[in-house]
Structures are given as C-alpha cells and as structure tokens.
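Student: Each chain, letter by letter, is given below.
There are 2 protein chains.
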Amino acid sequence: MTIKDRKTIRKYKAMDVDKNLIHSLLATASRAATMGNMQLYSVVETRSQAIKEVLAPLHFNQPMVMGAPVVLTFIADFNRFTRWCELSDADAGYDNFLSFSNAMTDAMLFCQNFCTLAEEAGLGTCFLGTTVYNPQGIIDVLKLPRLTFPVATITVGYPDENPEQPDRLDISDIIHEETYRVVSDEDIRRAYAYKESLQENKHFVEINKKQNLAQVFTDCRYTRRDNEAMSRGMLDALKKQGFLK
Amino acid sequence: MTIKDRKTIRKYKAMDVDKNLIHSLLATASRAATMGNMQLYSVVETRSQAIKEVLAPLHFNQPMVMGAPVVLTFIADFNRFTRWCELSDADAGYDNFLSFSNAMTDAMLFCQNFCTLAEEAGLGTCFLGTTVYNPQGIIDVLKLPRLTFPVATITVGYPDENPEQPDRLDISDIIHEETYRVVSDEDIRRAYAYKESLQENKHFVEINKKQNLAQVFTDCRYTRRDNEAMSRGMLDALKKQGFLK
Numbered sequence: 396m397t398i399k400d401r402k403t404i405r406k407y408k409a410m411d412v413d414k415n416l417i418h419s420l421l422a423t424a425s426r427a428a429t430m431g432n433m434q435l436y437s438v439v440e441t442r443s444q445a446i447k448e449v450l451a452p453l454h455f456n457q458p459m460v461m462g463a464p465v466v467l468t469f470i471a472d473f474n475r476f477t478r479w480c481e482l483s484d485a486d487a488g489y490d491n492f493l494s495f496s497n498a499m500t501d502a503m504l505f506c507q508n509f510c511t512l513a514e515e516a517g518l519g520t521c522f523l524g525t526t527v528y529n530p531q532g533i534i535d536v537l538k539l540p541r542l543t544f545p546v547a548t549i550t551v552g553y554p555d556e557n558p559e560q561p562d563r564l565d566i567s568d569i570i571h572e573e574t575y576r577v578v579s580d581e582d583i584r585r586a587y588a589y590k591e592s593l594q595e596n597k598h599f600v601e602i603n604k605k606q607n608l609a610q611v612f613t614d615c616r617y618t619r620r621d622n623e624a625m626s627r628g629m630l631d632a633l634k635k636q637g638f639l640k
Numbered sequence: 396m397t398i399k400d401r402k403t404i405r406k407y408k409a410m411d412v413d414k415n416l417i418h419s420l421l422a423t424a425s426r427a428a429t430m431g432n433m434q435l436y437s438v439v440e441t442r443s444q445a446i447k448e449v450l451a452p453l454h455f456n457q458p459m460v461m462g463a464p465v466v467l468t469f470i471a472d473f474n475r476f477t478r479w480c481e482l483s484d485a486d487a488g489y490d491n492f493l494s495f496s497n498a499m500t501d502a503m504l505f506c507q508n509f510c511t512l513a514e515e516a517g518l519g520t521c522f523l524g525t526t527v528y529n530p531q532g533i534i535d536v537l538k539l540p541r542l543t544f545p546v547a548t549i550t551v552g553y554p555d556e557n558p559e560q561p562d563r564l565d566i567s568d569i570i571h572e573e574t575y576r577v578v579s580d581e582d583i584r585r586a587y588a589y590k591e592s593l594q595e596n597k598h599f600v601e602i603n604k605k606q607n608l609a610q611v612f613t614d615c616r617y618t619r620r621d622n623e624a625m626s627r628g629m630l631d632a633l634k635k636q637g638f639l640k
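So the sequences go chain by chain: A and B.
Each residue of the first sequence is one higher than the one before, starting from 396 at the first, in my numbering.
Each residue of the second sequence is one higher than the one before, starting from 396 at the first, in my numbering.
Any given hint could be a false lead.
[As the list claims (entries may be wrong)] Some but not every residue of chain A turned toward chain B, in silico, with C-beta under 7 angstroms:
(1) Gly-431
(2) Ile-446
(3) Glu-573
Bear in mind the hints are in silico, worked out from the structure with no lab data behind them.
Values in this document were obtained by computation on a predicted structure and should not be read as measured data.
Note that CB positions come from ideal geometry on N, CA and C, so glycine has one too.
Please work from the sequences and hints to get the whole structure.
Tutor: Here it is in structure tokens:
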C-alpha cells in the first residue's frame, strides 16, 4: 500500500508479525526529522494478551486492540535525554510545555514514517486517537516515567479487509496562499457539501435523529462535554508527568 | 530519496518548484490518518519574498526561509470545522486543549506524509522546529484566525547539497517491550556513547568550552531559560487562539 492508496485497516489476519520486521521498520522510521537530533520518543510494543486486555478499555474497547497481533504506543519521551543530561552534570530544562510539544512532534513524525513503511511492507494499521482521551490510564498500565507521555497508538497486522478509501476535502480548501485567507460562509458550505451528500453520512444523520451531519459530530461523536473533561484529564496528566507547572 | 536515505536539505537550487506539484503532493499527503476524518489542518504556502522577510526573523534567521523557493507552514486548524458546525446550528465544543492536541496530531501526520512524498519527488526539505518558539509572531504574519495554531514549517526546494546522514540511536534504545522498562544509568550512558564519540560533537564541546556534549545541549542549544520563556509564549498564544482557558 502506498500513501496514495492508504486506508485504515481495522481487521487483521490471525497471523503474527515478525518482531524483526517491526524493529527494522521502526529503525528506518527513525530517519524522520527530529529536533536537534535528540529523538524525543520511545515506542512500547505490546503483544501480550494480558496487557492488551487492560489497554482495550482505555481505548474504549475498540476491537483493534485485542484483534491486532501488535499494538504500538508512541511516547513523547524527554526522560531518556534528561537522564543523560543528569548523568553529565548538565542542567536539563525540559520539564515544561515547549519540551512536551517538541517531543510530541518528534513522536508523531516517527509514527507516521512507521505507518508508511508498515503499509509498504504489506501490513495494515489503525491510528487510535483515543490515546490522549485517558492518558493517565495508559501511563499507569505501560509504567511510563516522568517526562514521558503517550501520544499515539497504532494497531498493526496483516489486513483481513479491504475497505473503500474514505472521502477527503478538496486540497484547495486546505491550502492558503501567502497568508490564511478570509474564508466565506459559502466556501465553508461548499467544502463540506460532498461529505454531507454521502449516503453513509445521511444514514448517520437519520439514525441519530439529527438535522445534519455537523450535529452528529458535535452531539454524538465529539461532544463539548467529553472534550472539556478530557482536556482537564490531559492537562492533569501532563502536570503529573512533569511537563506542565 | 526514500525514508531510509532521508536527510535534511538546507541549501536549494535557485529553481522554482511548480505549484501544481506542491498541491498534488499535499493532496496525496492528505491520505494520512485523521481524527474522525475531520482533517484538522491547513497549510499556508509562502512564496513571496516580502512575507519570507517577515517570517525569517521569527525562525531565528535560519537561512532556509529566504533560501527556499517554497515555505510551508502547517497549521493545526479547528477553525474550518467549527465554522461548518456553527453554520449548521451545531454546538462546536472544540475550543479546548484536547481539540488542539487532536488538530496538532492531524497536522503532523499530514506534514510527515508531505515530506516523504516531496523527497520521493526529488525535492529536499527542512523541518523548522522554531515554529512554536514564537507562535504569536507567526500567527500575526500569516493572519491565523481563532482555533488555528502553527505547528510546523517545512522549507522546500531542489537540493543543492548532499550532506552525510546524521547518527541515530540504536533502535533497541527506543523500543520497550510490553511496558516501559526500567533503564539503568549504564543503559543511558551506552545509548549516547556513539553520539559523544563523533568528531563533530567533540568539536562542539571544545568550541563551547563545555565538559561534555550534554552540556552543549543544556547550556547552549536548548536552555532551561529559553524553554521556560517559550513555554509561556506558547501557552499564551494557545489561550489567545481559543484553545486553552
């Protein structure tokens, strides 16, 4: 699978994925750009059924966690670098928000490279956005030390489904020339019109008894109440891990 | 250039990069995973000399900003989606930190995909981590509205240099099996020993009159004082853009 053909794979064959293959793909992925060549990330590779069972509810029981042979949790990691500094009598000033942002960035570039390489190697992946919904739970289960934070989870396995590629916005609605342009209401309506016209989305509106697709997002999928509660949880966990005062 | 061969390119030929090529690479890059298919990102494409001149000091006058034909600023963007919700009588609850994190994640995956595709197409790229050092300055120059935030800048052009690939940590120091392992001081010292042994790094220690490489990072490159000041600036800008209360 190339970047152009990429799609999320949620069902995997009951077939192991060789550990050396995963490690070799991760090694190549680490060629991604990284802040000052500090490589501010780690990855936790979970294969044990017992640990998947405690991770699964933290990911809202999405079936990919139990169904995939390999679950990779990508960690923004300033712990390793800070410990090296401490062992070198160097004053490591990385217990702050900018440093978290830098480590999260490093981890995401590494993670996306891994996904591209895994797909080129015939594997399927699913990105679990739920990683930051209850980070403290994941921190506890994976025993993440200070100055580390889970930012992405990828389930990996050989594909056992071949879904259609989902829609995307027209790239002209994403690109702004020179500066961010003033976008009219009409532009916004036009940008999302195709998405609203899809049969699948019309069905979601109907079964959720909503007036339109945007309300399915705001009232059912990603609600203000959940987002605000999870924001507090994420900020609390950042404090506990030492990234925020 | 493939992911395995990737290196940062800081010098570019005085040769334009076709706009259609950039847009087509961005369209393909948008195949990256995205939270709920919301595509929470935009990209500002800067080619004008005048705007590069005001961006350059915000990137600490790194010469790539003026030297590259194209400067792309990747934006975590919940503005477009929120406006669609507002036009649909839907209560958009995305003015919070979790939503920023989701949008930053989406933007980073999209950005890394773009870099991989650009390199495959023979272009060179440089990731400017300085984007979050003075985000308010970039917000002002690029006229970024509420619920948007600049998270990455990529300079793009045809390579006019062919540097060596930099070192990377051994992947075994990045991977943790099942849970984050307790890493010994010895493990840490061993992980960074190769980096410390490089002639180039020994030279940095010498010219900066430091005892070791870690001190070059903590005392010269990424200091506590700078990180703490820039953390405050980043959090202030997040508040101003509506992502933090």
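Student: Evaluate each hint against the coordinates.
Tutor: Against the structure, the hints:
1. At about 6 angstroms, the closest approach between the beta carbon of A:Gly-431 and any beta carbon in chain B falls short of 7 angstroms, and the interface hint on this residue holds.
2. Given hint, A:Ile-446 at the interface with chain B, holds; its Cβ is 6 angstroms from that chain's nearest Cβ, closer than 7 angstroms.
3. With a cut of 7 angstroms, the hint placing A:Glu-573 at the interface with chain B holds, because the nearest CB-to-CB distance is about 5 angstroms.
Of the numbered hints stated above, none is contradicted by the structure.
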